[in-house]
Amino acid sequence: QKEVEQDPGPLSVPEGAIVSLNCTYSNSAFQYFMWYRQYSRKGPELLMYTYSSGNKEDGRFTAQVDKSSKYISLFIRDSQPSDSATYLCAIITGANNLFFGTGTRLTVIP
Amino acid sequence: GAGVSQTPSNKVTEKGKYVELRCDPISGHTALYWYRQSLGQGPEFLIYFQGTGAADDSGLPNDRFFAVRPEGSVSTLKIQRTERGDSAVYLCASSSTGTYVQYFGPGTRLTVT
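Protein chains in written order, with this note's numbering: chain A, 1 to 110; chain B, 1 to 113.
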């Protein structure tokens, strides 16, 4: 079983839709939860991170963590064509190396 | 300020050859990480440096892979006797002391023919 599971998609939505991206994890020792965005042929770019259960909002993006279910989500409101990218969840223990999901490829259609 | 830089951006080599991939982290970042990303997959951890020393090299797949960071800044990932299965994007990341946030470079796309 992989440490982090993520549906690879692909996911296509019309512009303006609400997007929900999800990951599950197996190790309850995981402490920090991150979402990265990766455009084609670029390195991952940090979007958001959190360390506690609950919601964290930043503009059109909301990160949600449920430690009891080992489930994390990223919501994108009012999605834009520029949001088209691969979204990677990443989780870390105190050991500092990140465990990534496979990434979900998102396309927002104008 | 400048982000993490990696050179070369692309490297094509023949099976059996030796390659070196370079990473220049964000200035002042003490921690440096190497990851490998295969097509359609998320990055997989290879090695982590704190300063000059390798704090965790548990992700290196075998002894053909080696990395150094002699002065605690620039790092080089070295791959001996390359195999076609080594073809991937090699990503470098850095972070500052006391944080878990890692900033990634653009990667080096390695193709072994």
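Don't take every hint at face value.
Stated by the list, open to error - Within a straight-line C-alpha distance of at most 30 angstroms, the following computed DSS-like cross-link-like pairs (lysine-lysine) qualify:
1. K78(B) - K17(B)
2. K56(A) - K42(A)
3. K67(A) - K56(A)
4. K56(A) - K2(A)
5. K78(B) - K15(B)
6. K15(B) - K67(A)
7. K17(B) - K56(A)
8. K70(A) - K42(A)
9. K2(A) - K67(A)
10. K42(A) - K2(A)
11. K67(A) - K78(B)
12. K78(B) - K11(B)
13. K15(B) - K42(A)
14. K70(A) - K15(B)
15. K70(A) - K56(A)
Everything labelled a hint here was simulated from the structure, so no lab data went into it.
- Message: Just to be careful, I want the Cα atoms of K42(A) and K2(A) compared with a cutoff of 30 angstroms; is the pair within it?
- Response: With Cα atoms ~25 angstroms apart, K42(A) and K2(A) stay inside 30 angstroms; holds.
- Item | Hint consistency between K15(B) and K42(A) [alpha-carbon to alpha-carbon, up to 30 angstroms] | 25 angstroms, holds
- Query: Quick one, are K15(B) and K67(A) close enough, alpha carbons at most 30 angstroms?
  - Reply: Judged against 30 angstroms, a Cα distance of about 45 angstroms means the pair is violated.
- Task: Starting from K70(A), check that the Cα of K56(A) is at most 30 angstroms away, please.
- Result: 16 angstroms, holds
- Task: Verify the proposed pairing of K78(B) with K15(B), using a straight-line Cα cut of 30 angstroms.
- Result: Holds, at about 14 angstroms.
- Message: So if I understand the rule, the pair passes when the alpha-carbon distance is 30 angstroms or less; does K17(B) with K56(A) pass?
- Response: Since the Cα atoms of K17(B) and K56(A) sit roughly 47 angstroms apart, the hinted pair is violated (cutoff 30 angstroms).
- Message: Hint check: K67(A) vs K56(A), CA-CA at most 30 angstroms. Holds or violated?
- Response: Roughly 14 angstroms separates the two Cα atoms, so the pair holds.
- Message: What's the verdict on K70(A) and K15(B), does the C-alpha distance respect the 30 angstroms limit or exceed it?
- Response: Cα-Cα ~42 angstroms, so violated.
- Is K70(A) within 30 angstroms of K42(A), Cα to Cα? Holds, at roughly 29 angstroms.
- Query: Under the criterion that the straight-line Cα-Cα distance not exceed 30 angstroms, is the pair K56(A), K2(A) satisfied?
  - Reply: Distance of about 26 angstroms is within 30 angstroms: holds.
- Item | Straight-line alpha-carbon gap K78(B) to K17(B), limit 30 angstroms | 11 angstroms, holds
- Message: For a C-alpha distance cap of 30 angstroms, please report whether K78(B) and K11(B) respect it.
- Response: Holds, at about 13 angstroms.
Hints 6, 7, 11, 14 from the list above are not met by this structure, while the remaining hints are.
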